[in-house]
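Novice: So the chains spell out like this:
Number of protein chains: 2
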Amino acid sequence: MKDRQLLSEFANVINSDRYQYTESDVFLKEGMQEKVAVFDMYFRKTEDGGLAVVSGIHEVIKLIEVLNSTSEEEKRKYFSLLIHEEELLEYLVKLKFTGDIYAMRDGEIAYPNEPIITIKAPIIQAKILETPILNIMNMQIAIATKASRVSRAAHPTPVLSFGSRRAHGFTSAVDGNKAAYIGGCATHSNIVTEYKYGIPSVGTMAHSYIQTFGVGREAEKESFDKFIKNRRGENNPLILLIDTYNTLKIGIQNAIDSFQDAGIDDSYEGTYGIRIDSGDLAYLSKKCRELLDEASLHKAQIVLTNGLDENLIRALKEQDVAVDSYGVGDAIAVSKSNPCFGGVYKIVEVDDKSVIKLSEDIIKISNPGFKEVYRLYDKNGLAYADLITLVDGDKDKKLLMNDDTIELMDENYDFKSVSLAGGEYTHKKLTKVYVKDGQITKEYLKLKDIKNSRDYYLKELEKISTERKRLENPHKYKVNLSHDLKKLKYKLINKISKQIKGEI
Amino acid sequence: MKDRQLLSEFANVINSDRYQYTESDVFLKEGMQEKVAVFDMYFRKTEDGGLAVVSGIHEVIKLIEVLNSTSEEEKRKYFSLLIHEEELLEYLVKLKFTGDIYAMRDGEIAYPNEPIITIKAPIIQAKILETPILNIMNMQIAIATKASRVSRAAHPTPVLSFGSRRAHGFTSAVDGNKAAYIGGCATHSNIVTEYKYGIPSVGTMAHSYIQTFGVGREAEKESFDKFIKNRRGENNPLILLIDTYNTLKIGIQNAIDSFQDAGIDDSYEGTYGIRIDSGDLAYLSKKCRELLDEASLHKAQIVLTNGLDENLIRALKEQDVAVDSYGVGDAIAVSKSNPCFGGVYKIVEVDDKSVIKLSEDIIKISNPGFKEVYRLYDKNGLAYADLITLVDGDKDKKLLMNDDTIELMDENYDFKSVSLAGGEYTHKKLTKVYVKDGQITKEYLKLKDIKNSRDYYLKELEKISTERKRLENPHKYKVNLSHDLKKLKYKLINKISKQIKGEI
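Protein chains in written order, with this note's numbering: chain A, 1 to 504; chain B, 1 to 504.
No lab work stands behind these hints, which were simulated from the structure alone.
Being a predicted model, the structure only gives us computed values, none of them experimental.
Where hints are given, some of them may not hold.
The list treats identical chains as one, so a pair stands whether inside a single copy or across any two.
Once the Cα atoms are required to be at most 30 Å apart in a straight line, the calculated DSBU-like pairs of lysine-lysine come out as [unchecked claim]:
| no. | residue 1 | residue 2 |
| --- | --- | --- |
| 1 | K94 | K478 |
| 2 | K395 | K45 |
| 3 | K469 | K120 |
| 4 | K428 | K77 |
| 5 | K196 | K96 |
| 6 | K336 | K45 |
| 7 | K94 | K463 |
| 8 | K120 | K336 |
| 9 | K395 | K75 |
| 10 | K498 | K249 |
| 11 | K336 | K364 |
| 12 | K451 | K221 |
| 13 | K196 | K29 |
| 14 | K75 | K451 |
| 15 | K448 | K75 |
| 16 | K395 | K249 |
| 17 | K379 | K459 |
| 18 | K432 | K229 |
| 19 | K226 | K336 |
| 20 | K478 | K226 |
| 21 | K364 | K487 |
| 22 | K75 | K196 |
| 23 | K96 | K459 |
| 24 | K77 | K432 |
| 25 | K249 | K487 |
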């Protein structure tokens, strides 16, 4: 048993539901394993109805790297204990990914129903990747998107993501802080995230540190003095936590005394200041600001924490809170108000034939066919609409390529269609090739620079209008199907409708 | 960079916040590293105000096993890139855990403010474990407790946990399904959970499987036929998903036809039946039950899924839903309605001196001292109250040991105190020793049998009164401080209060 607790990287590839393998068994026994399927990973809605921030493509492509570089021996170690169908076991031990993966990049801004990832591969390869891909993407997009909301609320005050203790397990803490950074957080506190992704971690001070020196005023003062004495210099931050006993009566006094005793003032080369983690943050922060200013500690920073989220931060701003940065834990780490992102992975084509799922729930009807996504910008450079086209033989796509006049058609309401004249818009293809015939492309390398993904996101965010970025009821962004895609979709729906009505 | 993406088990030990190490630097420079600190891991509240289910102790003790067995070379690989303080780096490379860990067992039922884990160790050892311990416990207790709520709502109908795709990353999927199992789920769907913990995984059928055969009635029928043909026998479950196109007009007809064509009926040795994943589950399930019964498929099971949680399941029961098992994803996998469990890790003693944190927020005041937890049962064997005592020199603990008459005192309201006469109650110590002087005890081995932890939970659940198990506003369970603990706590609070008032 002990040995089985130690999982290798390959376990990430098979972090999957049993039925993916049960069904692969049927495909294999029926000789269907060479059928080429296309699957889309997309989501149906966001918390606020607005944008989502893509994160996790890096780790998804990493799955392919791991799958294709894992030895048969290693694969057999796992599968021999899990797969009881002999033929399937041998097939899986030899399995490598030989298909294509298309995706938006990390840091991309995405909207509902757009394929974020499209996989085109022999059916078993594409099928067994469903659960691990969704497991990665749902966590990371949830966190990146929540980080985007929180950091937009706090802007221009920076947000520190520090919720590792509340994140859901190791991967969520380590990769989640990376996603939070891509989604706009200024920094994070996790040292494994720093190790794995090269994004520097930061931190302030904990209550338990202060309590290690005993109880009460003198003990707190000693803890501050020792901290400053040993940490000063080398641009080290000196942020003292002042609410262990009483913020105004004890903590802020001790902090000011400690800074003054140590000669720390506005000439200190690093950042210095205080953190408040309880009580009425608006009131306490302003009182502390006054006291710090009276002591001529004008550059002393105020860090605020304590269950903050985008709504509390907006309320604090309305009260003219005195703040230099916010630390946010739970709200981002588990995307607290919307923990379940709800991304799905749906089959849309088999051997060049489009397929559809016609659910009892209208929102669950999938868009068929092998597709890609374009973003159209208006003359001011603002994103105007996204267009989902078929990859092959799509007439709207051709118009786009030629910068011709194009009609953007609302799927449900004809009267909402609009026409964009050639020259009045520009476009960008959001779908990139990350894996081609099982070979990982150079696009993947770009994702390894996490700061680059964050910069990309921030730059794209500037191209979204203010109304579409607001946190409540953002102005709806158009995501349109091309004429050919809509035609294909409703042809399939009509076929099934007739079957339901008993007409065919 | 590539190398740093491949993390070894040791990364779990340092899945931590930067400040734990910054503060360790101060302790080391001040020569405080031999100070022995006691930290408690506990939580302040649950979603419903009632019980929580402990899970994750197994993985916490595993951290100690990994820390103490990792080579200095391996530790240096990480720390040399992360720790820039030379003395601290060398200290960490040599660090092993030499202290004690006390904890409730996995499967234990716990209440607010009770120490679930107590660590007594040299300060740096105890400090750097804070974040990784909370990261493990907050995820697993959240999921186990939510699984408990959902499976209590569904009882006696079994609940399958199958939310890996919505779980927050790899660890949350793999360890989370284990936690869901401990918390009462009958089974789960993740094959890595099966590999790692030996709990068999199960599954039914996906829409994409059906769509691989094309679009519409005939394609669905073919997919059912092929599934039955290739999977029948060996007790394999044959559960057909019937809502891809239309549950009543297409799916159930195809399912009945496929079963009958293949000669699958109530004599089939495994389970067989249908799954419905959309639409009005109450209505559709009853209609399908009628149709199955008319076809003499009385033992055909009905599995219901689609965003179910404890409340929807209760509503379905009220409507006399026809169901044999529920599949639950999001609600359990991310503990959707309460994703942030909020467990904390607080210092309570340093070198045998008790410490306290007196927050601006009353609920954040910690209970000082080195403590343990007892459960008292009434004459009917039902849990009556929990008592938190000091480990050393506690008079109530002594009364308990002698089965003497004991007064259970409410912390806030004297008039609520009750007296339990000797012979009228029995007691059990919930706190067990998992690590002593850095050595892992035999108690740890018991946690490796996950089914045993689940059985323990189910047995303990029977000892909780119906009123205390109900899902809304459960009858409050008494968690009392011993007289000596209360005295200690208020002595410390009074000392600080006087400082705040300027009296000392």
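Novice: Indicate, hint by hint, whether the structure satisfies it.
Specialist: Evaluation of the provided hints:
| no. | hint | result |
| --- | --- | --- |
| 1 | K94 x K478 | neither (44 Å within a copy, 58 Å between copies) |
| 2 | K395 x K45 | within (28 Å within a copy, 58 Å between copies) |
| 3 | K469 x K120 | neither (33 Å within a copy, 49 Å between copies) |
| 4 | K428 x K77 | neither (45 Å within a copy, 43 Å between copies) |
| 5 | K196 x K96 | both (26 Å within a copy, 23 Å between copies) |
| 6 | K336 x K45 | both (16 Å within a copy, 16 Å between copies) |
| 7 | K94 x K463 | neither (46 Å within a copy, 51 Å between copies) |
| 8 | K120 x K336 | neither (34 Å within a copy, 32 Å between copies) |
| 9 | K395 x K75 | neither (45 Å within a copy, 58 Å between copies) |
| 10 | K498 x K249 | between (76 Å within a copy, 11 Å between copies) |
| 11 | K336 x K364 | both (24 Å within a copy, 20 Å between copies) |
| 12 | K451 x K221 | neither (38 Å within a copy, 50 Å between copies) |
| 13 | K196 x K29 | between (41 Å within a copy, 28 Å between copies) |
| 14 | K75 x K451 | between (34 Å within a copy, 27 Å between copies) |
| 15 | K448 x K75 | both (26 Å within a copy, 24 Å between copies) |
| 16 | K395 x K249 | neither (72 Å within a copy, 36 Å between copies) |
| 17 | K379 x K459 | within (17 Å within a copy, 68 Å between copies) |
| 18 | K432 x K229 | neither (52 Å within a copy, 40 Å between copies) |
| 19 | K226 x K336 | neither (36 Å within a copy, 43 Å between copies) |
| 20 | K478 x K226 | neither (57 Å within a copy, 42 Å between copies) |
| 21 | K364 x K487 | within (18 Å within a copy, 60 Å between copies) |
| 22 | K75 x K196 | both (24 Å within a copy, 15 Å between copies) |
| 23 | K96 x K459 | neither (37 Å within a copy, 46 Å between copies) |
| 24 | K77 x K432 | neither (35 Å within a copy, 35 Å between copies) |
| 25 | K249 x K487 | between (71 Å within a copy, 25 Å between copies) |
Going down the numbered hints, you'll see the structure goes against 1, 3, 4, 7, 8, 9, 12, 16, 18, 19, 20, 23, 24, while the others check out.
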